[in-house]
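Undergrad: Chain residues, written in single-letter form:
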Amino acid sequence: MYWNKSYECMPREKLQELQLERLKRMVNRIYHDVPFYRNKFQEKGLMPEDVSSLDDLKKLPFTTKVDLRDNYPYGLFTVPLEQIVRIHASSGTTGKPTVVGYTRNDIAMWSELMARCLVAAGAGPHSVIQNAYGYGLFTGGLGVHYGAERLGASIIPISGGNTAKQIMIMQDFGSTVLTCTPSYAIYLSEVLAESGIDPETLKIKAGIFGAEPWSENIRKDIEKKLKIKAYDIYGLSEIMGPGVAIECECQEGLHVWEDHFIPEIIDPNTLEVLPYGEQGELVITTITKEGIPILRYRTRDITRIIAEPCSCGRTHLRINRLQGRSDDMLIIRGVNVFPTQIESVLLEIGEVEPHYQLVVRRDGSLDTLEVKVELSEALFSDRISNLENLEKRIRDRIQSTIGVSTKVALVEPKSLPRSEGKSQRVVDLRKI
Amino acid sequence: MIRQVSIFIENHEGRLNHILKILAENKINIRSLNIADATDFGIVRLILQETEKGIEVLKKNDIISTVTPVLAAEISDDPGGLSTLVNALTEAKINIVYAYSFLPKKTDNAIIIIRVDDDVQQKAIETLEKVAEVNLLDRETLLLK
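Protein chains in written order, with UniProt numbering: chain A, 1 to 432; chain B, 1 to 145.
The set of hints was computed from the structure by calculation and includes no laboratory data.
Just so you know, even glycine gets a beta-carbon here, dropped at the ideal spot from N, CA and C.
There are no misleading hints in this set.
Residues of chain B placed beyond 10 Å of chain A at every Cβ, according to the derived structure:
#	residue
1	A24
2	I30
3	S32
4	E52
5	I94
6	N109
7	E140
Between beta-carbon pairs, the in silico distance windows are:
#	chain 1	residue 1	chain 2	residue 2	range
8	A	R12	B	D40	55 to 61 Å
9	B	A132	A	R383	30 to 36 Å
10	B	Y98	A	E216	52 to 58 Å
11	A	Y72	B	T90	54 to 60 Å
12	A	Y135	B	I22	54 to 60 Å
13	B	N95	A	I197	51 to 57 Å
14	A	N389	B	K53	30 to 36 Å
15	B	Y98	A	P199	54 to 60 Å
16	A	K431	B	D40	23 to 29 Å
17	A	R383	B	T90	18 to 24 Å
Make the full structure from the sequences, and use the hints.
TA: In structure tokens, the structure reads:
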């Protein structure tokens, strides 16, 4: 089943012609409309005319999350705000979020790609989609929502959380597709089991899970517990949001919609492009986006490109399940967390040179984040209540800054491991 | 006013021992010890025979300490002795943040270490000086007891 067969199954030669034509147009636009890109091109002595084949892409400059932050909030938009119909944001590496804007065409394109994803996962106009991704600045909720409407499915915009209500709706409304983070899917399955509800009595057939890394084992677990097929979806707000890539019924890698995005894999150290099949950092170029086209975005996600044809008939390249990150970003219950965000909180609290460590665990099916903070002389008090207040202040501040609840533990000075003078910031004990 | 050394420690085995060893190796006598504990950390409060030297060796070993002024009050080791002291502070509306006993070597009386809020310290001293049954001790006298 396809949503748009002529594009999804386009012969590769034709697809590459289309990509080149769109890439050239995109490069021209960003060169002329965005000073940031023009400067980067000029630094490398490049002109838009230097792109005459897809292979030329590797000569072009990268874009990073830092670039987005430096041009906060609208510096990389190529159109005036009156043409922007929606703004989303994701967590930045420090206090300020990363902001993206969509034109009417961008929303249409996103809806189209999301509709393709839903169909690849077996959904159709008859489906009842229970969308438990968060609605808001996060792209998950609205991304799925618009795709489902485009498809003509019935979307239930329940958003995240409130498990009892999720289960009631799943039972009463006859949801056939569930969309949420994989860890929430596991949690739901556990609550169902505890409530003595047999998943066979539910109409749910498929789940589309993303926004955090998960493994084949978790897939098997979810499929067994919920009696569904579980599909991996990939996306990031800087590129578009959910729906950049999706697994088909073969469940052997995620098809990247190449008529809109060009994926590359690079070595994160040398920045050289790696051949298909080799593992490295995923880099994506948007070739049709209007609001904020992004050239060679370093996603920091580690994967490899699968170039062999897929038996589903789609011709678009696949990426393997994500294998990790090339930076220290953590995904806690679907929320992106950078150690530097925690560091800014500690600086605000009064730590002059914060030493801290983030310990991530998976407690049952939920991720927990513990922040160990070395107590400094300046913040030490000989009263227990003062220290407990300090822990609480740090905890509250982190919660309001990054939206994740944490356990804060004060530890003795010089007790956290240091490598080459810098603390080892992250200990991830999750087995995923 | 007595200078008490307060030390932050994590609440797991070996941490107190670590501090006591450092003091022992540097031949610093501990005259009194009190431990307050929260869920995952604690505060060790010490009165040392040599406060300055103690702080110095702790710092050298990367141990955070702070000096807190506390009161030392000598009272008779009889029923009602402590009550008289606490009663006087209560009537003066002075809150005791914490208190513990000091073990004297050379007197049969009891000695109580009291921590009050910084802003009422002077008032606490004046209050207790007026109580006949209470003998406020300075550092020299305390360490001789």
